[in-house]
Amino acid sequence: MWSKEVTQMIITGIGETLYMSIFATLFAYIIGIPMGIILTMTDKNGISPKPAVYSILDFIVNLIRSIPFLIGLMVLIPVTRFLVGKSYGPTAAIVPLVFCAAPFVARLVETSLKEVDAGVVEAAKSMGASNFSIITRVLLVEARTSLVAGATTAFGTIFGYASMAGVVGAGGLGDIAIRYGYYRYQADIMLVCLILLILLVQIFQATGMKITKVLDKRAH
Amino acid sequence: MAAIEVRNLSKTFLQKDGKVEALKNINLCIEAGDIFGIIGMSGAGKSTLVRCLNYLERPTEGQVLIHGVELGGLSEKELRKERSKISMIFQHFNLLMQKNVLDNIAFPLIVNGTKKKEAREQARKLLETVGLGEKENSYPAQLSGGQKQRVAIARALASNPDILLCDEATSALDPQTTASILELLQEINEKLGITIVIITHQMAVVREICKNVAIVEDGEIVEEGAVEEIFAHPKTDAAKALLYNDGSEENVSPIKPVELLHETEKIRIVFSENSAFEPVIANMILQLHTPVNILKADTKNVGGIAKGEMILGLPENKEIRNAMKQYLRDKGLAVEEVVNNVE
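Chains as they are written, first to last, in this note's numbering: chain A, 325 to 544; chain B, 2 to 344.
Subject to a maximum C-alpha distance of 30 Å in a straight line, what follows is the list of computed DSSO-like cross-link-like pairs (lysine-lysine):
1) A/534 <-> A/438
2) B/82 <-> A/374
3) A/541 <-> B/100
4) A/541 <-> B/117
5) A/368 <-> B/78
6) A/438 <-> B/17
7) A/537 <-> B/100
8) A/438 <-> B/82
9) A/541 <-> B/116
10) A/438 <-> A/368
11) B/17 <-> A/374
12) B/100 <-> A/438
13) A/438 <-> B/78
14) B/117 <-> A/537
15) A/534 <-> B/117
16) B/25 <-> A/374
17) B/20 <-> A/368
18) A/541 <-> B/126
19) A/534 <-> B/100
20) B/118 <-> A/541
21) B/25 <-> A/368
Here are a few chain A residues that sit away from chain B, every Cβ distance over 10 Å (derived from the structure):
22) 329
23) 378
24) 380
25) 491
On the chain B side, residues computed to face chain A include the following (Cβ under 7 Å):
26) 55
27) 57
28) 81
29) 89
30) 93
31) 95
32) 98
33) 109
34) 112
If you are wondering where the hints come from, they were derived from the structure by calculation, not from laboratory data. Every residue, glycine too, gets a C-beta built ideally from N, C-alpha and C.
Sequences and hints are given; from them, build the entire structure.
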């Protein structure tokens with residue numbers, strides 16, 4: 325039962341899971357960072373308060389975050405097909421992953437940026453810094469450890485979603501675990517997949533925390 | 002032309018439960034090269050006032066003129082440029098915690114378009130100026146409060162400002178560190194000719210380095226003038242309250258004056274430099290054959306001149322009382338009746 329093919333399949337599975345998670349996290353951040361910055365800026369205590377913009381964006385973020393991932397996955401099939409050309413496989417899974425993760429990332433970024441001491445922002449303003457400078461040179465720099473910690477959390481969540489996407493044929497370890505372990509009662513394959521998933525999450529979490537610690541200049 | 006001129010400035014905050022008038026009709030004129038104190042109790046509005054001086058807070062009414070330029074008439078971009086000439090330091094230093102000391106000082110230069118290498122070079126020189134040359138690679142978290150404020154001062158000087166605003170800059174520091182920071186500010190004022198505005202609730206700070214002072218109470222300037230003058234002849238209750246509480250945080254005497262004499266009136270007298278040589282009180286007692294009760298005595302350094310301050314309890318006899326006051330006035334002392342309790 326445990327043949328060379330199975331080993332090969334699991335190795336491919338690891339690759340696919342990582343591919344989906346990494347690219348989905350990347351795109352989620354490309355969309356989520358600007359959204360998080362806009363949320364921070366336009367909030368009533370932000371550097372450019374715009375209550376209307378904030379309310380609309382806030383509502384959209386909450387709306388998408390309340391859609392369960394599996395439902396988003398199904399609903400988005402036409403969009404995925406339009407963007408990727410097909411609705412199955414690892415690349416196709418990235419579309420719903422990004423859609424569901426970007427608002428989550430926006431919230432994480434917003435929370436991190438709002439943690440930055442208002443006094444430091446005020447000091448930058450008093451020096452004649454533009455809003456752009458305040459974002460790029462103060463907020464993003466001062467919040468960097470919190471941002472990396474947030475990214476570690478986001479990656480863990482997206483990684484979990486990516487495994488779930490296996491249900492609809494996205495490939496990856498989650499897919500293998502379901503097809504072989506669950507449908508064919510091959511408990512050993514499921515167990516191996518599970519252990520690998522746990523290991524990967526552990527490695528990424530530990531790496532993220534390590535980077536946070538190295539970056540942080542506050543604690544001594 | 003005045004470095005800073007404030008005309009009919011008012012600031013009202015809109016809150017859920019109505020309007021709060023933080024500042025009411027403020028008029029101020031701060032000359033170039035001055036060290037100007039703005040003193041008041043917490044909540045008096047002095048922090049709002051200093052933030053109006055660089056338009057971090059936009060006044061509801063009135064004008065702020067910096068070297069004759071009205072800030073309210075500037076575009077956002079022009080205002081930012083003007084702000085780079087008005088530096089500010091804060092009670093909690095507000096340094097970038099994730100950048101080292103050198104990059105903190107270089108920050109205002111980089112923000113205003115200076116090349117990183119050049120900015121760092123200038124920052125290095127400034128770090129020497131504030132006496133922290135060996136700390137360039139340290140992070141703020143590794144520094145003491147006084148060192149952090151020195152870095153903040155170096156950062157404030159980086160943009161080569163004309164004006165330095167200090168918002169409770171020594172309030173988080175111990176008395177010794179406060180003294181060293183004030184000394185540094187005085188040096189900056191003398192060597193670089195930078196106009197300094199000091200916001201504080203500590204009379205000791207004003208007394209130590211300010212030339213002129215405005216006293217703020219409930220959003221209004223209640224008294225204004227040369228520090229020496231206000232110290233010798235405070236007119237308002239707010240000024241008196243600040244003077245009497247001066248330094249009391251550090252040396253509170255647990256011993257209350259024993260009321261051996263039944264005094265009916267208390268007076269406050271201020272000695273100037275010349276009268277300090279003559280034993281005025283002793284001579285007065287000898288001449289009038291009546292003792293007085295010294296309730297409080299202190300000497301203070303006001304703008305570099307030693308000033309003595311005493312609070313006397315005078316005897317019941319009205320004639321002798323008047324004679325004593327006349328005697329003291331004749332000796333060139335400032336005499337003033339104290340209404341409220343000295344304690």
